[in-house]
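Given next are the chains, with one letter for each unit.
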Amino acid sequence: MLLRIMKNNFLFSIGIIVCSLWIVIALMAPLITPYSYLAQDLAHRFQAPSSLHWFGTDSIGRDVFSRVLMGSRISLIAGLATIILASIVGMIYGGIAGYIGGLADEIMMRISEMVMAFPGIILAMTIAAALGPSLYNTLLAMVIIWWPNYARVMRSMVIANKENEYVEAAKSLGASHFRIFFNEILPNSVGPVLVLATLDFGNAILLFSGLSFLGLGSPPPTPEWGAMVADGVLNFNYWWIGTFPGLAILTMAVGTNFIGDSLRDFLDPRLRKEL
Amino acid sequence: MRKNLRVLVALLTCVLLFVVGCGGSKDAATKPEASDGTKQLIMALDPDYETFDPGLAYEVYALLVLHPVYDTLMQFEDNLDAPIDGIAESHEVSKDGLTYTFKLHKGVKFASGNPLSSQDVKWSVERSINLKGNGAFLTDGIKSIETPDPDTVVFNLKEQDASFLTKLTYNAFGVIDSKLAMENGATNAPDASTSDKAKLWFDTHSAGSGPYVIESYTPKVEVVLARNKNYWGEAPYYDKVVLKAISDPGTQLMMLEKGDIDIAFNLGPEHVKQIQDKPGIEIKKAQSMTLTFLLMNRDPKIGGPIANPDVQKAIRLALDYQGMQTIAGEGSITPVAPFQVGFLGTLPPRDPKTAQDIEKAKELMKKAGYEKGFKTTLEVATLAVEGMDLPTLAQKIQNDLLQIGIETEIKTSDIMVALDPYRKGTQALSLWYWGPDYPDPNTQLAFLPGNPVGLRANWTAAMNPKLVELGKKAAVEVDKAARVKNLEDIQKIMDEDSAFDVLLQHARHYATRDNIKGTDYIDLYKINLKNVSAK
Amino acid sequence: MEDNVLLQVQNLKMYFQSESSFSFNKKYIKAVDDVSFELFKGETFGLVGESGCGKSTLGRTILGLYKPIAGKVIFEGEDIVSLKNNRMKDMRKKMQLIFQDPSASLNPRKTIEDILNEPFHIHKVGSKVERKAKIKELMNRVGLSEYHLSRYPHEMSGGQKQRVGIARALTLNPKLIICDEPVSALDVSIQAQVINLLEDLQREYDLTYLFISHNLSVVHHICNRVGVMYLGKLVETGSHADIYHNTQHPYAKALISAIPNSDPDQQKERILLKGDVPSPANPPSGCRFHTRCPEVTDLCSQAEPLLKEVFPGHFVACHGVE
Amino acid sequence: MGLLKYIARRLFFLVFLVIGVSLVVFVISHSVPSDPVLANLSQRNIDNPEMVEAFKAKWGMDKPLYTQYFIYVGNLVQGDLGTSIRTQRPVLDDLKDYFPATIELAIFSIIIAIVFGMLFGIISAIKRNSAMDQLIRGISVLGVSVPSFWLGLMFLLLFYVHFGIAPGPGRISPYLKPPVEVTHLYVIDALLAGNWSLARDALWHLLLPGLVLGSFTMGLITRTTRSSLLEVMSLDFIRTARAKGLTEKMIIMRHALGNALIPVVTVIGIGFGNLLGGMVLVETIFAWPGIGQYAYKAAGNLDFPAIIGVSILISINYVVINLLVDILYGILDPRVRYH
Amino acid sequence: MSDDIGQDDLLRINNLNVQFRTSEGVFRAVRDVSISVRSGETLGIVGESGSGKSVTALSIMNLVPNPPGETSGEIIFNQQNLRELSTEEVRKIRGNEIAMIFQEPMTSLNPIHTCGKQIMEPLLLHKGFSKKEAKARALELLKLVGIPIPEQRFKEYPHQLSGGMRQRVMIAMALACRPKLLLADEPTTALDVTIQAQIMELLKNLRKEIDSAIIMITHDLGIITEMCDRVVVMYAGQVVESGPLKELIREPLHPYTEGLLRSIPTITKEKQRLHTIEGTVPSPFEMPFGCSFQPRCNYSTSNCSEQAPDLIHVSPDRAVRCWHHVNELGKD
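Chains as they are written, first to last, in our numbering: chain A, 1 to 275; chain B, 276 to 810; chain C, 811 to 1132; chain D, 1133 to 1471; chain E, 1472 to 1803.
With the rest of the complex left out, here is chain A:
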């Protein structure tokens, strides 16, 4: 299936190629970086890109190329962790709300709406300021911001599937709520949530890099792309310090979005229908 979509869809192919490349880089990062991402060389700080340092060096003489490569690990992990945790939380919450329905649903959805109305980035900043910036706190904040999206999708799926006749069939056979929920409704509801999660991957990376740009990510010397761009803003005229990590974020997000976009087109039966 993958190859078939790839053949017909130029953008999708680019997405697959870019993403695979980043995954390979992330897996092999320590092997392929020309320098240690930590090695400082004050004698060669602010070196412009050259054959020695492809992406130049930063304010304490570290190789930007090596740091960008290493940074892919953090971004990928942060993106994955966020969408996995958020989708799990969201699916459970939305699933319960949708299945129970009625007043409980109403209250639960109002709460999630409240979270959505809450300015996420301010919440994240407050959490980070209060608990101290670290990867875990940032992830925590991101999950808190993110889960209601999944809860909403999950809820609507569950509500739609709840009305399905095969659910009534199970009910009429005497199946318990537990069984109906886990056996009949859940397997048919997770699909769209998982698709949404895939599509969200790029967004999660963007949000994460935005937070780390504000200094809310893990502490230095971790090579976080957002923090590296922030470093680039500090050292404005050494354009390479900020440009390359930014391009890294961009390519990773573009890659996942190309995939997500094409996947959405492909999975959307209304667009797929040929007759």
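It is possible that part of the hints are untrue.
Said to hold, decoys possible - Among chain E residues calculated to face chain D with C-beta under 8 Å, some are: (1) 1566; (2) 1575; (3) 1593.
What the hints assert, rightly or not - Here are the simulated lysine-lysine pairs, DSS-like style, with alpha carbons at most 27 Å apart: (4) D:1429 with B:686; (5) E:1602 with D:1381; (6) E:1563 with D:1259; (7) D:1195 with B:699; (8) A:162 with C:894; (9) C:899 with A:171; (10) B:472 with D:1429; (11) C:1084 with E:1626; (12) E:1679 with C:1084; (13) A:171 with C:903; (14) A:162 with C:877; (15) C:1084 with E:1675; (16) A:171 with C:877; (17) A:171 with C:938; (18) A:171 with C:823; (19) A:162 with C:934; (20) C:946 with A:171; (21) C:882 with C:894; (22) E:1742 with C:985; (23) C:851 with A:171.
Hints were generated in silico from the structure; no laboratory data involved. Think of the CB as a built atom: it goes at the ideal place given N, C-alpha and C, for glycine as much as any other residue.
Chains B, C, D and E: place on chain A using the hints.
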């Protein structure tokens, strides 16, 4: 249908035309003279001021704005060693050093036209005392204020204070037009901290006698100072001074290059380097009084291995001061102890080339029983000190400490969050900066064991009684030579045994367009705006 | 005679809330409003009416899928409305449902074997071998092959899926099967196959059918007795002959006359009803049919007619019928 | 009537929202390991217990949390958001100062995003699978993928520093005086004052941050417009329109677009919400004196009255925008019934 | 293939083929279909789902989704081959001379325009009416299709109407330009029994008033019986039998037609076991060899599975696609 399409196209064209039209019609790169001929100075800085109430303001940049607005009895012209008379014509100190008598200039009027009298001085200082603002501690030593006649003010102190004249240069002693201020809700009553309602008024207005008045203040955007038409002294060159709040040094730099601003005040060493050869720009460099230091806790329960004095000394020897000075930029130096070069009695700074001695440091580590090293956390606040990013420096330190086996994990936090454990003394190893409260070496005695900063490293008086004793002497010594001797001894001891390692005394980097003058740095005011003029 | 009664529905009412739960003035959709009838062992009772008349809701309420707000459903002498969970679960074995849309009633993510195994899982009956044997038997019986067991629903045709649905309903040896429009979604040629299958199974397994349909021809073909519903009310019940040849209620008459004529030679007079079916959320006063009734009188809009036995076993709810 | 009822319900929800949001921040403020007292008093004053007590009493911090919260809600009911610990000004005044800058930028960028996003989306859908379509889809994906803080940096580097064709950071050129404040939106205020050059300057300054801020929403709108239009084009009533003999253009403009816009409106609402979130980053880069910077500072200083104030403001904004979207929905789609 | 039906045909479809290329293979939805309609007559096309009856109707209007639909053959309407006309010319005929009613009145009307606006549209487009004229005519049409209070309905949106009313609006819209040919694709399938009766009655009455030919496409033989003059039976994309209604019902020639007639339960028939056509409609991708109906046919012989039969005319009016009749003819 066609209608809809047409509307859409028209809308789009409008937007495009407007945008393009704007761009085409205006040259963003040049700053035209104001059409009405007003002379205007534009300075960009990353301000920290929260208020312009002279009784409350105590931020780094407060005096930049308040000094040209509110006259003080004493002021600095260029040398921080010796304050000179400000609005006081002359001053006299009693033999016992407890009574200070000031004669005011005659016929001085406030910007409002109200005459300035000694009553205004008394009222202003009492208001500062009672407001209990952040700068109120400067008034702590005052027992009473007397105003025998409209031109005379007498301060009676509780005890001798060698730095009292220096303290008088602060805005807490700025002379306020008490009549005008009271009309706007100000009071000097003992309960002023709750009953005074003038703070908001002071933020956007002024009631001083200085060369400028506050014309407007838009937080986060700008402060506009306008010429005081009733100024008693020599009129300043500029009609208006605009202080633009631009927090990002890179942006300041860009705007200076473009000629959009006259002064870019918060440049880092690297920014300066970038514009070295650019025409039309003058780079300014000055010794700042700001220190960056490493705090090493003496309490083993908190610091663990760090608490060992030998380890602390080893750390002092292990660091690459030269590298750190590279990061902090040209002009930065490393004092031996927490006493700034430029103050009375400060020892010459370390020679960065020889200060590092890894072998000796390793020996000390061995002696302390940590030959194999240990792990610890290095806490640092995320902010820039004089254009140098503290976390960047922390990474350098992390790198250096690894050489003697100390593995550190950096923990960054916002300054406001980091301040808490710092002040409570619960940080094992942390990177901090320090600016003097007032320009006098006595303010640095806080670093001694048992004193406030010393205690933040749990460095108690019992740990080095000799140092404590020397410190007490220095605080009350009035004789200059004896004071210098005392201070030098303190520094020598602290080089051997101290819970601190002073890493850097920063240089201040800023740049101006090359067609203005009078922009020299003076730590207290940063730039004395009154003196700036076109070449 | 009483021994013959399998199911008795007494004054059953099932209302749905139409507004969301935060609303103060709650509106109800009276899907089933005070319906009573009996089902005899081994018969096929047809329930006909247009969409929205409440016939499907009635079927599901009898099964216990909805909790009625009033009334009794007495199955083999026991009121199942008030049954506790465990007893209800046992009761479910005896009553099953066949759905209209065979694609929607089969979980798309399960194989046919999983689907047929589910009833055994839920009720924890039979060993693996027994289950397998029973499934095979049923598959053969409904005309499917064993190789279909590993298929997914979407790999089968509509008729085949409906056969799976029928097989599932039969797994637990029920006594009553509620067929909710079982052939409406099928093509004409398949429809006949399924109808025949249902008839064969009834004989073989001694089943009682409650046959819900809007298709009067199908009901005519398969049912012994028929009930006609309009807007949540039963307006006429009686034997096959009563309903089709001695129609009393004006609505039932109109309904029967509306069936497209399949004999080109026979021209028949058609009773055309005015307007549309009113909303069940806001049914007309008095007789609910009075807004469209060709034989309306003043009384009709004021008083609600009760279901009266006009001939033995033939009940009609109409003021115009004596 | 349904609409009014609906609006009333949403506004009723606002009350809960405000309570919820303020409660969340209160809970966080209590769980903070660090103390706002220490964060906001000078080093000298920290050592003076009397000062600390005075400070705590002044901000009501000497009382238990729930009492503080009740006091806060009590004030809130009277429209008093409290006083910022950091700026020592009423939070409401601060918000009044900072919010217009944010709103001006947000409105500008949402207009850019809507105009270009919809245009691109329509072209892309009409020319489905053409090179043009691929190009537009590529651009829209770039739009949603580009980190705004980085794009801002690049724009400034390129257009301001390197080419000098775009204005620098800030709302207006530094040597210009802001217009007399009426609406606090510079462009409009300048126009009201009849100062054309100032209006142009202010608008010109909106361009780069507006583009940066709007890129994400534009991508989103392009994407939604495209897929929504394609979906609508496959619906039955389009076939009816074709059967009536309408031209493709008429079908798209008269029958498809109106229906396709319905989901786009939702996305515009979401996009506007995102804009306010993205503000923090963009305002930092462009030295834009808006609510984002204020919030950033407030969070860093644990200035809880200010954080609550901003949070409430943005939450209310979110609800109001969603309400507007819902109302717009009703205008676009006669089937919508509010409940 | 010869077609000896006279030149006065309003519409004649010759050898129409429509196929779709899908990922699973080529799906021939319509295979070699020839149909003709005379002015004023009502032709019924009956068949089960997938028999190609709707696609045939859509091809007349050139509304087959294209791509991936591929069409060949002739569609001669009013002496013009529609397939040779430009898109623009066909467009001018659509809604004007040929109009269509669809199955789902809910989805076939644009939800965001009022009914009135939608009825006026073809009038403004094809007849050059002014808005005022168009409105007057639209109200007239609404009255014609039996909508009470047309002035009010005119302003209402489709969702405010019931299914039956919506279908009436669809009919009014289709009749707006007085088309010569009206295609009705399952116009009553989605409706309730009593409403279906109303609509059928309406169509029957309208047939007398307007003088258009109607092609009625349905799966319901009952509707065909009530409405049509002639019938075409389709199976698996092909015409298997055609002829005048009464003859065809009384004496079906094709085994499929016969099976279909016998398998429908009716209230006039005695209660007896239903006749069934065994098996299912073949998948379009796996058409059986020879006659498409052969696997389900009770009369199937070896010949049937070897070669596909042609549609042959057994009388001027009747045609059938079955080997048995070919053989019978051969015998004669």
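Here is what the structure says about each hint:
1. 1566: This hint holds: residue 1566 of chain E lies near chain D, its Cβ roughly 4 Å from the closest one there, short of 8 Å.
2. 1575: 6 Å, holds
3. 1593: 5 Å, holds
4. D:1429 with B:686: Holds, at roughly 20 Å.
5. E:1602 with D:1381: 21 Å, holds
6. E:1563 with D:1259: OK: residue 1563 of chain E and residue 1259 of chain D at ~24 Å, within 27 Å.
7. D:1195 with B:699: 22 Å, holds
8. A:162 with C:894: At roughly 23 Å apart (the allowed maximum being 27 Å), residue 894 of chain C and residue 162 of chain A satisfy the hint.
9. C:899 with A:171: 10 Å, holds
10. B:472 with D:1429: 25 Å, holds
11. C:1084 with E:1626: Between residue 1084 of chain C and residue 1626 of chain E the Cα gap is close to 22 Å, so the pair holds against 27 Å.
12. E:1679 with C:1084: 22 Å, holds
13. A:171 with C:903: Holds, at about 11 Å.
14. A:162 with C:877: The given pair, whose Cα atoms are some 16 Å apart, holds under the 27 Å limit.
15. C:1084 with E:1675: 17 Å, holds
16. A:171 with C:877: 13 Å, holds
17. A:171 with C:938: 23 Å, holds
18. A:171 with C:823: 21 Å, holds
19. A:162 with C:934: At roughly 24 Å apart (the allowed maximum being 27 Å), residue 934 of chain C and residue 162 of chain A satisfy the hint.
20. C:946 with A:171: 24 Å, holds
21. C:882 with C:894: 15 Å, holds
22. E:1742 with C:985: The given pair, whose Cα atoms are some 24 Å apart, holds under the 27 Å limit.
23. C:851 with A:171: Holds - the C-alpha atoms of residue 171 of chain A and residue 851 of chain C are around 24 Å apart, at most 27 Å.
Violation of the numbered hints given earlier is absent; every hint is satisfied by the structure.
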